[in-house]
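Chains as they are written, first to last, in this note's numbering: chain A, 1 to 111; chain B, 1 to 113.
Worth double-checking, as some hints may not be accurate.
Unchecked claim - Distance condition first, Cα-Cα at most 30 Å in a straight line; then the derived DSSO-like pairs of lysine-lysine: (1) A:K103 to A:K76; (2) B:K57 to A:K68; (3) B:K9 to A:K81; (4) A:K57 to A:K103; (5) A:K103 to A:K81; (6) A:K93 to B:K57; (7) B:K9 to A:K103; (8) A:K68 to A:K57.
Unchecked claim - Covered by chain B, per the in silico footprint, the following chain A stretches (three or more residues, Cβ under 8 Å): (9) 41 to 48; (10) 68 to 76.
None of these hints come from the bench; they were simulated from the model. All C-beta atoms in this analysis are idealised placements derived from N, C-alpha and C, irrespective of residue type, glycine included.
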Amino acid sequence: GQNIDQPTEMTATEGAIVQINCTYQTSGFNGLFWYQQHAGEAPTFLSYNVLDGLEEKGRFSSFLSRSKGYSYLLLKELQMKDSASYLCAVREKQAGTALIFGKGTTLSVSS
Amino acid sequence: DSGVTQTPKHLITATGQRVTLRCSPRSGDLSVYWYQQSLDQGLQFLIQYYNGEERAKGNILERFSAQQFPDLHSELNLSSLELGDSALYFCASSVDPGDYEQYFGPGTRLTVT
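Pulled out of the complex, with its shape left as it was, chain A reads as follows (with noise of 0.2 Å):
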């Protein structure tokens, strides 16, 4: 089975850096996903994490710690166009290459 916990809800400023944190557990891990998903809309690729570090893909970067079943997105230089709920996703082994996402994080960037 799997569980995957993220905040509900975080605020930011537009310009200010924000960390999104994502805790899970899982057999059989397989690799961290982080997608973006504007109300209403598709989610959409953000990141992919399935060895232990830091990944940068300009304004966003994310972290693995496998060993601490940890991941957190960082968002830089927020923009406006940044609020959107941000969803943190896990691939088991056993479950194929199918996705488990936990509930999101819904994040507000204010002026």
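Please arrange chain B on chain A, whose structure you already have, making use of the hints.
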């Protein structure tokens, strides 16, 4: 635009009815996934098909079934609908099961009254 298409965009139906949701994956993608998103449960994996064969099953109810056709499009059939089945249903596709990125369609919003 992810290249994944889903029809219809919206669907309103009554309890006890049956509906079919359709998904066309991105050109060249062999794997199709169905997810259900409701306010209280978040995004939940239902079922995966790869090149016409069922590959993995998640939290899919027995009242629900799916298939993937030779042209790789997929259909999700929901029967004996209940109020609690009201949700956004997303289809996603990837090139093959090892591909780490899944591309999501725009979803079908199902409302059961």
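Okay, the hints, checked on the actual structure:
Simply put, A:K103 and A:K76 have alpha-carbon atoms about 23 Å apart, close enough for the 30 Å limit, and the pair holds. Restraint check: the Cα-Cα separation between B:K57 and A:K68 comes to about 28 Å, which is no more than 30 Å; the hinted pair holds. Annotation: proposed proximity of B:K9 to A:K81 holds, straight-line Cα distance about 24 Å (limit 30 Å). For the hint linking A:K57 to A:K103, the alpha-carbon distance of about 23 Å falls within 30 Å, and the restraint holds.
Pair hint A:K103 plus A:K81 holds up; C-alpha atoms about 21 Å apart against a cutoff of 30 Å. Of the supplied pair hints, the one linking A:K93 and B:K57 holds, its CA atoms being roughly 13 Å apart against a limit of 30 Å. In summary, the hint linking B:K9 to A:K103 is supported, as the alpha carbons are separated by about 23 Å, within the 30 Å threshold. Restraint check for A:K68 and A:K57: the C-alpha separation of about 23 Å stays at or below 30 Å, so the hint holds.
Counting residues of the segment 41 to 48 of chain A whose beta carbon lies closer than 8 Å to any beta carbon of chain B gives 6, which reaches the threshold of three, so the coverage claim holds. Given a C-beta distance limit of less than 8 Å, the hint that chain B covers the segment 68 to 76 of chain A is violated, as 0 residues qualify and 3 are needed.
Comparing the model with each numbered hint stated earlier shows that hint 10 is the single one that does not hold.
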